[in-house]
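Place chain B on chain A using the hints.
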Amino acid sequence: MKSVRLLHGPAYPLGRKNIDTDVIIGAEHLKTITRAGLGRHAFETIRREPGNVFDDPRFQGAPILIAGDNFGCGSSREHAAWALDDLGIRAVIAPSFSDIFSGNAFKNGIVAVVLDQPAVDRLLEVAAELPLTVDLETMTVTTPLQDRFHFHLDPFRRECLMGGLDEIGLTTASEPAIRAYEARTGI
Amino acid sequence: MTARTLYEKIWDAHVIEQREDGTCLIYIDRHLVHEVTSPQAFEGLRLATRKVRRPDLTLAVADHNVPTTARVDSRGARLAIGDPRSAEQLAALEANVAEFKVPYIEATAAEQGIVHVVGPEQGFTLPGTTVVCGDSHTAAHGALGALAFGIGTSEVEHVLATQTLLLRPSKTMEVRVEGRLGFAVSAKDVILSIIGRLGAAGGTGFVIEYRGSTFRDMSIEARLTVANMSIEAGARSGLFAPDEKTFAYLKDRPMSPKGDAWLESVERWRTLHTDDGASFDSSLRLDASEIAPSVTWGTSPEDVLPITGTVPDPESFVDSSKQAAARKALDYMGLTPGTSLQDVTVEHIFIGSCTNSRIEDLRQAADVVRGRKINSAIKQALVVPGSGLVKRQAEAEGLDRIFTEAGFEWREPGCSMCLAMNPDKVPPQERCASTSNRNFVGRQGPGARTHLLSPAMAAAAAVTGRLTDVRELVK
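Chains A and B supply the protein sequences, listed in that same order. Residue numbers for the first sequence follow our numbering, so the first one is 146 and each next one is one higher. Residue numbers for the second sequence follow our numbering, so the first one is 13 and each next one is one higher.
Be careful, since some hints might not be right.
Here are some, though not all, of the chain A residues that point toward chain B, as calculated from beta-carbon distances under 10 Å [as the list claims (entries may be wrong)]:
1. G171
2. R185
3. R192
4. D214
5. N249
6. L260
7. D261
8. E270
9. E274
10. T278
11. T288
12. Q291
13. H295
No more than 20 Å apart at the CA atoms, straight line, and that leaves these computed lysine to any residue pairs for SDA-like [claimed, not checked]:
14. A:K147 <-> A:Y326
15. B:K63 <-> A:P202
16. B:K385 <-> B:G477
17. B:K183 <-> A:P240
18. B:K270 <-> A:A318
19. B:K340 <-> A:I191
20. A:K147 <-> B:K63
21. B:K21 <-> A:R193
22. B:K340 <-> A:E327
23. B:K334 <-> A:G331
24. B:K63 <-> A:I191
25. A:K147 <-> B:A60
26. A:K147 <-> B:E55
27. B:K340 <-> A:R161
28. B:K63 <-> A:G314
29. B:K183 <-> A:G331
30. B:K334 <-> A:L315
31. B:K334 <-> A:D266
32. B:K21 <-> B:C36
33. B:K21 <-> A:I191
34. A:K147 <-> A:G331
35. B:K183 <-> A:L298
Just so you know, the hints here were simulated from the structure itself, not pulled from any lab data. All residues carry an ideal CB built from backbone N, CA and C; glycine is no exception.
Only chain A is shown next, with the shape it has when bound in the complex (with noise of 0.2 Å):
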C-alpha cells in the first residue's frame, strides 16, 4: 500500500450523491487482468456533461475529490478505487460513503474522510476557487480561509495509511492463532 500523510491541492467539487461504482467505471472496463490505466475511463457518463468538473483545467490534477452522500455504492468492484487512484486522487471526502467503497479505498491508500453536509457544503464553495489541505497526522481538512473540519479514521486503518503497511504480511503473522482456530472448529 502506497502510505498517505499529507495532501495539498485542488479538490473536484462533484458533490453529487449516491455516485455508483458503475459510473465511476463502467462495467466494460471491468474486463482487464491488471490495475493499470482505468483512470482514462473514470467517470465516462458525467465525462460526457458540458462543463463537468473533470475536464475543468482548475482541477487538473488534483488529489481529492468532494461528493455527496453514498459514494461509491453499488458494485464492489476495486476497479473504482484502481481508477481514482490512476487519476491521482488521494481521498474522497462525503458525508457518507457504501462500506465496500470505504474498504477499498483504504487497501489502495485512498482515504474516505467522513465530514458532515454542512461541512461538505462548505468545502465544495471553497474548492472551486482555492487548494485544500488533508492531513491524516491532526485528521482535519483544511482551507486557505481557515476552515479547519475534523474527521475520524479507525486507528487500525489510519496508521496503515500512514505507515503504507501491507495486510496480508500484518495477518501471516497470526497464523498460528488461524491454525488453532482451524484445529478448535474442524474446518
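Showing chain B alone in chain A's frame:
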C-alpha cells in the same frame, strides 16, 4: 449468557483474534471466485510467492463475461468467445485455478451458472458459515442463514492467502414484515419496497435480519431474492434464520454434509436464530398488505413506486439534493413527471440475474406468458436461467417452450444483461423491463434505461409492450 442476534452469534463464532481498537480477524468458511474480480488477486499472490491457503474452501466459476449464446458446437466442441478481452479474462481464470489448484466449474458444465445461484444450489453455502465473493450481491447467500458479503479484489487476495479478513463488527437492523402478500405480489416487490423506505444508503454500516411471518412463509428462492438486494439499501449482508425449509432445501445437495455429519449440522443450525430479548440497533416494520407490485422509475433502486403510481415531480421531494438527483434521473430516463407508470412503453425485456433467475422465478414469468405472445413493439426479450441446472429443470417442465413460443429467446446461463459485460446490452435511450438489481446510469449498456421489477411483472410488460400491473393481466 446475554441474548444475541443471529448476526452476533455467527460473528462471535468466527472471531480468531480481536485487536485493541475493535478490529477482528474473522475466519472465512467459503470463498466464491469469478473471472472479473480475481485476476489481480491471483497476480498479487504470484508476485508475493503466496499460495491459496485453503483451496478446499474455495470454488470458482465464470459468469459475468460468458456469452449466453451456444457454448459448444453440434459436435460438443467448445466455441471461442467473440470478445477478445472477455476471452482473455476467462483464460486468466482457467490458468489461475489450474496453477493454484482451486476447484472450478467449467464454463460448459451443466453446473455452471451465476456464482450466487451456484453456491446455494451446490450446497457450498451453508447456515452459520461466513461466505465471501468479489461481488456485492454475495448478500444473497444470507437467505440460508450464512453471513455473506461482497468484497473487493484486495480482500479476495487476503482471503485466498489467509482464509481470513480484518473487519469491524456491523450494526444490526431488523426489517420485520408481517402478514400475507397480496395476489401477484412477490419477494422482489417486498425488497424493492424495503429499499424505497430505507433509501440506497439506509442500511450502510448495518447487517439486516429479515424477520416476521411474511419472510417465514417465503420459499428459499424467494428469500434469496430478498437477501440478494440488501446491498441496494447499503447493507453489506442480509440474514434469514435457517428453518425447516432451509434444511429441506440443502439436504442431498452435492456439497452439503451427508450422513451423521448432516444430522449434527442440522442440530447446530437449529441454534442459529436471534434470542428472545436480543436487541437491534435499528428497525423497520412493514405490513405485507402495504406492498404492491412495484417498479423503479429512476437511476437508483430507491426510486421505486407501486405500478399504480405516476412518475414523480422532482419538486415533490423535500431534500434539495434529492430534487437535483430526481431531475437528472428523469432526464436520463426520458420520463415526464405525472405520467402514469403504466403508460411507459418498453422495447426490451430481461428475465435473469442473480436476483431472479431461479426455477421459481422462471415459473412465475412463464405462468404469465403461457398462451400469450410478446408485443410487436418488443425488440428483444431474453430469458437467461441462473445456472445450467436451472435451465435443465425448466426444460424438463416445458418452460423453455412457453417462452420461445411467446417470442422470447431462451439463453445459456450467466449474468448477461444485468450488467452488460457480455454481448447482451440494451441500446442507448432504449428502455428495458428487467428482473435484475440495479437501474444505475449505463448499467445495462451506455444510455440504457432500466426499470426494475419482478419476473411476473417483466412477463406482463413483454405481453403488453409497456409497464403493466400484472394483477390486471392475469386476474
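Check your understanding: Going by Cβ atoms only, is E274 of chain A closer than 10 Å to chain B?
Key -> violated (22 Å)
Practice item. Go through the hint on D261 of chain A and say holds or violated, using the shortest Cβ distance to chain B against 10 Å. Key: The hint is violated - D261 of chain A has no Cβ within 10 Å of chain B, the shortest such distance being about 13 Å.
**Study point:** Hint consistency between K21 of chain B and C36 of chain B [alpha-carbon to alpha-carbon, up to 20 Å]
**Key:** Status holds; Cα separation ~15 Å.
Practice item. May I ask you to test the interface hint for N249 of chain A with respect to chain B, counting a Cβ-Cβ separation under 10 Å as satisfied? Key: holds (4 Å)
Exercise for review: Sort out whether L298 of chain A lies within 20 Å of K183 of chain B, counting only the CA atoms.
Suggested key: Distance ~17 Å between K183 of chain B and L298 of chain A Cα, so the pair holds.
Practice item. Report holds or violated for the interface hint on H295 of chain A, using the least CB-CB distance to chain B and a cut-off of 10 Å. Key: Where the cut-off is 10 Å and the nearest Cβ of chain B is about 18 Å from H295 of chain A, the hint is violated.
Point to revise | Hinted pair K340 of chain B and I191 of chain A, Cα distance within 20 Å | key: holds (11 Å)
Practice item. Assess, step by step, whether the Cα of K385 of chain B is no farther than 20 Å from the Cα of G477 of chain B, and give holds or violated. Key: holds (11 Å)
Review point. Given the proposed pairing of K21 of chain B with R193 of chain A, does the C-alpha separation stay at or below 20 Å?
Key: violated (48 Å)
Check your understanding: Is it true that the CA of K63 of chain B sits at most 20 Å from the CA of P202 of chain A?
Key -> violated (46 Å)
**Study point:** Cut-off 10 Å, beta-carbon criterion: hint that R192 of chain A touches chain B
**Key:** At 12 Å from the nearest chain B Cβ, R192 of chain A fails the 10 Å test, so the hint is violated.
Check your understanding: CA of K147 of chain A to CA of K63 of chain B, is that 20 Å or under?
Key -> violated (24 Å)
Checked against the numbered hints above, the structure violates hints 2, 3, 6, 7, 8, 9, 10, 11, 12, 13, 14, 15, 18, 20, 21, 22, 23, 24, 29, 30, 33, 34; every other hint is satisfied.
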